[in-house]
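Which chain is which? The protein sequence lines are A and B, in order. Quick note: to get my numbering, add 11 to the position in the first sequence (first position is 1). Quick note: to get my numbering, add 4 to the position in the second sequence (first position is 1).
Hints are computed from structural coordinates only; laboratory data are not their basis. All residues carry an ideal CB built from backbone N, CA and C; glycine is no exception.
Chain B side only, calculated, beta carbon under 8 Å to chain A, not exhaustive:
id	residue
1	Leu44
2	Thr87
3	Ala88
4	Ile102
5	Val103
6	Arg105
7	Ile106
What follows is each chain in one-letter form.
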Amino acid sequence: MSVGLLTSVALAAGAAQAAGGHAVAAKPFILTEHLPILIVVIPLLAAALTAMLRNGRVAWAISLAVSWILPILAVMLILQVEEKGIISYALGGWAPPVGIEYRVDIVNAFVLLIVSVVGAIAMPYALRTVELDIDEPQRAWFYAIYLLALTGLLGMTITGDAFNIFVFMEVSSLAMYVMIAMGRDRRALIAAYQYLIMGTIGATFYVIGVGFLYVVTGSLNMADIALRIGPAFAESSPPVMAALAFIVVGISLKLALFPLHVWLPNAYAFAPKFATVFLAATATKVAVYILLRFYFSIFGSAISLTDLPITEMLLILSIAAMFIASVMAIYEDNIERMLAFSSVAQIGYITLGIALANKSGVAGSVVHLMNHAAMKAALFAAIGAILYRVGTARMSELGGIGRTMPLTMAAFVIGGLSIIGVPGTAGFISKWYLGVGAIEHGWWVVAFLIVASSLISIIYIGRFVEVAYFQPVSEASEKGSDPPFSMMLSIVVFTALTIYLGLDTAWSGQLAEKVAAVLVGGLAQ
Amino acid sequence: MQALDAIVQNYNYAITVFLMVSGLYIVIASGNMIKKIVGLSLFQTSVYLLYISAGKILGGTAPIIDRNYTIYSNPLPHVLILTAIVVGIATVALGLAIVARIHEEYGTIEEDEIFKETGL
Chain A
12 MSVGLLTSVA LAAGAAQAAG GHAVAAKPFI LTEHLPILIV VIPLLAAALT AMLRNGRVAW
72 AISLAVSWIL PILAVMLILQ VEEKGIISYA LGGWAPPVGI EYRVDIVNAF VLLIVSVVGA
132 IAMPYALRTV ELDIDEPQRA WFYAIYLLAL TGLLGMTITG DAFNIFVFME VSSLAMYVMI
192 AMGRDRRALI AAYQYLIMGT IGATFYVIGV GFLYVVTGSL NMADIALRIG PAFAESSPPV
252 MAALAFIVVG ISLKLALFPL HVWLPNAYAF APKFATVFLA ATATKVAVYI LLRFYFSIFG
312 SAISLTDLPI TEMLLILSIA AMFIASVMAI YEDNIERMLA FSSVAQIGYI TLGIALANKS
372 GVAGSVVHLM NHAAMKAALF AAIGAILYRV GTARMSELGG IGRTMPLTMA AFVIGGLSII
432 GVPGTAGFIS KWYLGVGAIE HGWWVVAFLI VASSLISIIY IGRFVEVAYF QPVSEASEKG
492 SDPPFSMMLS IVVFTALTIY LGLDTAWSGQ LAEKVAAVLV GGLAQ
Chain B
5 MQALDAIVQN YNYAITVFLM VSGLYIVIAS GNMIKKIVGL SLFQTSVYLL YISAGKILGG
65 TAPIIDRNYT IYSNPLPHVL ILTAIVVGIA TVALGLAIVA RIHEEYGTIE EDEIFKETGL
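Just chain A, same shape as in the assembly (with noise of 0.2 Å):
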């Protein structure tokens, strides 16, 4: 193996050489062209922007603006990209798969948007929990990190280059850990030393297996690799083993797949309000984008699945995240702890529908990172408004509260529905492609477990739909009341876009499926 890792090195080094004498001429400035890098560049230069400000209102002020004009670039690329195929973007004019690339295909534009929108619905509610969760001096910092979390996350998903995810996913996940230290709740700092323990280890053992990859195949280009592991596989396979070991473990660390989830539920319950929001929506959808492009586009793409012993694993943890997380979520008094359980069974649906790896079952899983968000932002969302006016998220305290705050709860159960999968939700929408996509497999137990686990969600959401309506009003319910104008607007808009997408599928379901068939259509047989 020695031997063949020199000259495949030597090969590269003299690719390198051959293709770094001549850049790519300089064109003229063309804005639409530049798109891929401006939704890089323009949240990192508002962070750096917002880091030197001191006053909270003014940093909040632009990061809305930004929020707000990046949903705008996703859906440019997602036309250009539906207009023109493939966008390939060369940084500093560097021609890959030398320079680094930013690809651009109808797989990551879908995930731009998801992340983009989910940005800028959640910004409006910042304004006010911000304004409890951080002290002043801290609050336009607070912003900053914000952004470049968003930056992070934005750039894992665009760029082409693996090793350039590995640095975007750190720029993102050490904005994350500083976003859930400063939760007011001193357990937030435990909550943000495990995430950071954890995340590294996955962040670590991702860069292991790019090694190796690099190692094989003399590339960092993921498009690259795609074409160049087949014919390195075929000369030896344990480094490609390797290497796939170490990407699925590093990433289902970061996408928090069950029993790789402990850091997830602390996380997500200390953490300032807006924080939850925005990462409960967004950072588990990226990694789970990153495991579709290793899974499908470059080992399934050169590889037969069936050669590659991961299909049985995933299933097996899809499974079991489905049961045993939804049954901790009964057990926990703590409401957005629940939630976040909650999210490593919603984590669940989306693997097992990669490792159906047919049409409707990635369908499936890619629907559902929009729906899962969509209705994920609601449910925690409202929480934080419950938090807010009333100071605690323990079930055993807040009776009544349904009736102090009504249009939250209501938000609260429209989002639940969506969580146990009650048609007209979008949550149905996901469930009915993975269900189609186990019977088109011919795994009918599976589809019977998908429904079953459903029926698991149903108890303990009903638990607080029950104490919240049914229950007399109690001593801290009584100080509920719906929220400020701002808050109410995200609850409202992401409740909104929870029914809209259980009831419009033209374009959500129709935009999944054309995911799933650009993912599914490059396997190997």
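Start from chain A and add chain B according to the hints.
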């Protein structure tokens, strides 16, 4: 005997594996939050060696074009690892900062004492 030969010949990879495993072991086994960070740092360091080893070509020289040399080491892994070192430093610095804050709040950095106190 063959296995031993393989290890001696690829001693750089043997060291990498040793650092990797011992670093990860410290992270898992130690209850002291600072020691965990040190273990994490060791674990990350092993990756630097993994990349640098792959970039070295036996008999190769520094990658500066010169007509007297034809074999060059691959500079890319070094550049990647420079980036990884920066990321590693940032992680360790942030980790230690959080531990310092934990010490302020709890008066201890032993995990089991904190878990007992908070019930996490």
